[in-house]
Amino acid sequence: MEMFQVTPQYLPHLLGEPDYWAPGSFARSEPDGHHKSIGRHRKERSSASPLTIPEFFCQHPRWHLNTHDIPLSVYMTHNAACRDTTYLIVCNVAHPKRNAIMRRIVEAIDSTSTSTDPDPFMLHTLIAHEIFTEAKSTVTPLRRRLYDQLDMVDKYAQNLSQKDRQKGELEDMTIQLHVISQDIDSKAASAGMTIMIVRRLETAHQRYIQRKYPDGLCNEVEQTADALQYLAESIESQRRWLISYKARKDIAMNLVFNLVTQQDAATSATIAREAKADGNSMKVIAALTMVFLPGTFLSSVFGMSVMEEEKRWWLYVALTLPLTVFIIALWWLWQSSSGFPDHCWKSIFSSKRPSARAKGTPDEAIEV
Numbered sequence: 001m002e003m004f005q006v007t008p009q010y011l012p013h014l015l016g017e018p019d020y021w022a023p024g025s026f027a028r029s030e031p032d033g034h035h036k037s038i039g040r041h042r043k044e045r046s047s048a049s050p051l052t053i054p055e056f057f058c059q060h061p062r063w064h065l066n067t068h069d070i071p072l073s074v075y076m077t078h079n080a081a082c083r084d085t086t087y088l089i090v091c092n093v094a095h096p097k098r099n100a101i102m103r104r105i106v107e108a109i110d111s112t113s114t115s116t117d118p119d120p121f122m123l124h125t126l127i128a129h130e131i132f133t134e135a136k137s138t139v140t141p142l143r144r145r146l147y148d149q150l151d152m153v154d155k156y157a158q159n160l161s162q163k164d165r166q167k168g169e170l171e172d173m174t175i176q177l178h179v180i181s182q183d184i185d186s187k188a189a190s191a192g193m194t195i196m197i198v199r200r201l202e203t204a205h206q207r208y209i210q211r212k213y214p215d216g217l218c219n220e221v222e223q224t225a226d227a228l229q230y231l232a233e234s235i236e237s238q239r240r241w242l243i244s245y246k247a248r249k250d251i252a253m254n255l256v257f258n259l260v261t262q263q264d265a266a267t268s269a270t271i272a273r274e275a276k277a278d279g280n281s282m283k284v285i286a287a288l289t290m291v292f293l294p295g296t297f298l299s300s301v302f303g304m305s306v307m308e309e310e311k312r313w314w315l316y317v318a319l320t321l322p323l324t325v326f327i328i329a330l331w332w333l334w335q336s337s338s339g340f341p342d343h344c345w346k347s348i349f350s351s352k353r354p355s356a357r358a359k360g361t362p363d364e365a366i367e368v
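Each residue of the sequence shown is one higher than the one before, counting from 1 in our numbering.
Read the hints as simulated data drawn from the structure, not as lab findings. Check before you lean on any hint, since a few could be wrong.
[Stated by the list, open to error] Here are the simulated lysine-lysine pairs, DSBU-like style, with alpha carbons at most 35 Å apart: (1) 249 x 155; (2) 136 x 97; (3) 97 x 246; (4) 246 x 136; (5) 136 x 249; (6) 155 x 246; (7) 97 x 249; (8) 155 x 136.
On a predicted model such as this, the values are computed, not experimentally measured, just so you know.
With these hints in hand, go ahead and build the complete structure from the sequences.
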């Protein structure tokens, strides 16, 4: 690091550690032949301190978060006096874009004319472009998964038959949409980090353009500036699409939650109706029991040997009827406080209405 005068901030990147800090853009000048760090704004520096050695380093985000690879980090420094550009690239050997980046670097160096120096930010732009193309291999399957789940949700919502609706399908759709939501959030974060890197690259490149460079380098500088602008706009477009995917996912999740709530409400209403019908049936059975229970009790009493005289048979009738009427009246008064008679009559009439409809309009009967 001392030989190439690499900034100490790049040391964690050089060791392959994940770093979530912003990309670094520094500059050094040598007004008296000695390198020193420039911390002031360009307008605050005197003309005697020209910008000669720009530095830029960054760590590109990982688009495949399920793999524990070393993030790709790039460091660049350029010495205009010596016409020397140094790059330090750190990445995993199994990085999916490693071979493509090496091939493009070799092609870029071979295609550069020996009479003119290439733009020092060209390789940074090239590497950022390759990393951005890696995002397509992850965003495209994510978009297809999202569209498949949206189609399933729409198909489920359009199915009006409650019998064909299965709660297990809603659970699967909820899980899949949750996984897609996590992937979209991670991709949106990676896109935001990539935008920050490219914007910082643009700023550093503009600062490099503002200094004097050879006329033969004008074409390379303009090409690099155009490429950086294209990358920034493309990544911003990708980020907007990811935000749109997230919004559509949120709409689908809300629809799934509403469908689950409606299905649970329908199930609860069915259980309540069945429980109410069972309660009314039990009350009817209790009423019938009260009609026959007094007579059964008195028949047991008169069946004893003490009451075997035939002349007293009328006594059984005289006691049974008043006792039955008294018990039913007492039960009716007790139930009237809870409104049972009204519910009983309503349930009786409501049970008769469907049959009347069935005789008049068979279509309505089938629909009910």
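**Q.** Violating hint indices (sorted, rising)
**A.** none
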